[in-house]
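If you read the protein sequences in the order shown, they are chains A and B. For the first sequence, position 78 (counting from the first letter as 1) is numbered 1566 according to my numbering, and the numbering increases by one without interruption. For the second sequence, position 63 (counting from the first letter as 1) is numbered 104 according to my numbering, and the numbering increases by one without interruption.
Hints are computed from structural coordinates only; laboratory data are not their basis. Any given hint could be a false lead.
[Said to hold, decoys possible] The calculated lysine to aspartate or glutamate pairs, modelled on EDC-like cross-linking and capped at a C-alpha distance of 20 Å, are:
no.: 1; chain 1: B; residue 1: Lys230; chain 2: B; residue 2: Asp257
no.: 2; chain 1: B; residue 1: Lys230; chain 2: B; residue 2: Glu265
no.: 3; chain 1: B; residue 1: Lys242; chain 2: B; residue 2: Glu286
no.: 4; chain 1: B; residue 1: Lys55; chain 2: A; residue 2: Glu1554
no.: 5; chain 1: B; residue 1: Lys55; chain 2: A; residue 2: Glu1674
no.: 6; chain 1: B; residue 1: Lys242; chain 2: B; residue 2: Glu221
[What the hints assert, rightly or not] To give an idea of the interface, some chain A residues facing chain B are shown, with a C-beta separation under 7 Å as derived from the structure:
no.: 7; residue: Val1565
no.: 8; residue: Pro1633
no.: 9; residue: Pro1635
From the three backbone atoms N, C-alpha and C, an ideal C-beta is built for every residue, glycine too.
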Amino acid sequence: MTISRSVSLGQRRRYRWINIGLVMGSALLCTLLLPMRLPGMVLFGVAPSWLLMWLVAWSVQRSGVEGAIVGFILGLVHDGLTGYFPTHTLGLTLVGFLTARIQKQRFIQEDFVSVAIIVFGMTVIAQTIMALQITAYHLVSSTSPYPGVPAIWLQHQRIALSSAILSSLWAPAIYYPLSRWWAHYEQIMAPPSN
Amino acid sequence: MFALRRWWNQYALKAGLVVLVMIAALSMRDSGGAVIYEMYRWVTRPFHPGPSREAMLQSSYAQELQQRLVELESQNRSLRQIVEGDSSPADEGTPAAVIGRSAGDWWQQIIISRGAQDGITPDDVVTGPGGLVGRVIAVSPNSSRVLLVSDPTSRVGARISRSRATGYIQGSMGQQVVMEFFDKIPDVKVGDVVTTSAYSKLFPQDIPIGRVVALDLAKSPAPEVTVELTAPLGIVEWVEVIPFEPRDITMPETRDTLQEVIPNREGTDAVEGDRTP
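Extracted from the complex, chain A is given alone in its bound form:
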């Protein structure tokens, strides 16, 4: 590639800052989408998990530790928007880690369909962890303000399924621009081959 050879140090630095800006900006955009309910974004009163989609797009190409750290940070942000219990940090940390650990070359190819499938599975996992937390609270404390365990798992079915379907449908919208940018960025930042 001729581009990777011709970039100067200053240009690389600029690209690095653009990358940081784009990463933060896209994550912020996903956060701002959370309280929104636009047409096509609701199924049985449930909205897509925008932060989870962003996290999957981030983790697919990165190591498990990076995925987990970013998952934890996004979980903190999400907790700030809703409430501290049940916390999102556990689910998103696990999702970040697992997504990065999936051996994509071996099991599934990396394209829209497989990303949609990953998002589907990860949404179910994240929502299950939320339901598990509420169930555990029930078992530990007798004064839980939540309804009974059967009711929780009934809610879990509804939430996990609709959220997973919606999120996997919207996932390419988040994944495609980000993966294109990161591929371009890698190309620019790659050390000269000769």
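Once you have looked at the hints, place chain B on chain A.
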């Protein structure tokens, strides 16, 4: 040591960024997402329901009804004053537009367009067309977050307005909520109107909540009925925020009351109901 230095040289920028972002995320979490909600309000500003809509909602007929209601309320107040000898002046509410829904699927919340700068404080009571909507749980300068009555952690002391049977309602993530009674055999039937009770700590009394749609009086340990909320929480666009301070209730007859112990959590309403022998 050398390995550490090499690691530092390689990852200093990344580590610094991670620490910075984590601190930012933590402080954001502690502030209840105030920064995000301020930004959200600013971004969605062009899409807020405008005053034309508000004017449409408050059509002349509704205004006429309101005027009559005000008249009746003032009559009621003066009669009450004669009977009970105390006066509780009604506070003026602040109208606010609903600009967002709950950011998580396990919560039932709405985001409204008024905040601390408009004099809104946590624990204020939110009503809408149809009755009780919820209460304010977090405030940022220009927006606030409201915990809806339909949230599973929300408990509201309630009573049947016809028979004065008391209990509390608990949300179940939908338009229908569950009401549990303190009495073993409450006087209740389908179609009864449910309002907030006088023994509610978190809500003023006599705000309409909903209507009884189904009975399950055999339920143990306490009889239970299903209540359909009259305020359409899913599509409500304008609400009114009424300033309210949680109060301590002095029970009229402490000996004969059943003390319902409810955990003191965000959104729960500790209710003490009177028991008819």
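Each hint, compared with the structure:
1. B:Lys230 <-> B:Asp257: holds, 10 Å
2. B:Lys230 <-> B:Glu265: Between Lys230 (chain B) and Glu265 (chain B) the Cα gap is close to 11 Å, so the pair holds against 20 Å.
3. B:Lys242 <-> B:Glu286: holds, 9 Å
4. B:Lys55 <-> A:Glu1554: holds, 10 Å
5. B:Lys55 <-> A:Glu1674: The hint holds at about 16 Å.
6. B:Lys242 <-> B:Glu221: holds, 17 Å
7. Val1565: holds, 5 Å
8. Pro1633: Holds - the Cβ of Pro1633 (chain A) comes within 7 Å of chain B, reaching about 4 Å at its closest.
9. Pro1635: Hint on Pro1635 (chain A): holds, closest Cβ of chain B at ~5 Å, below 7 Å.
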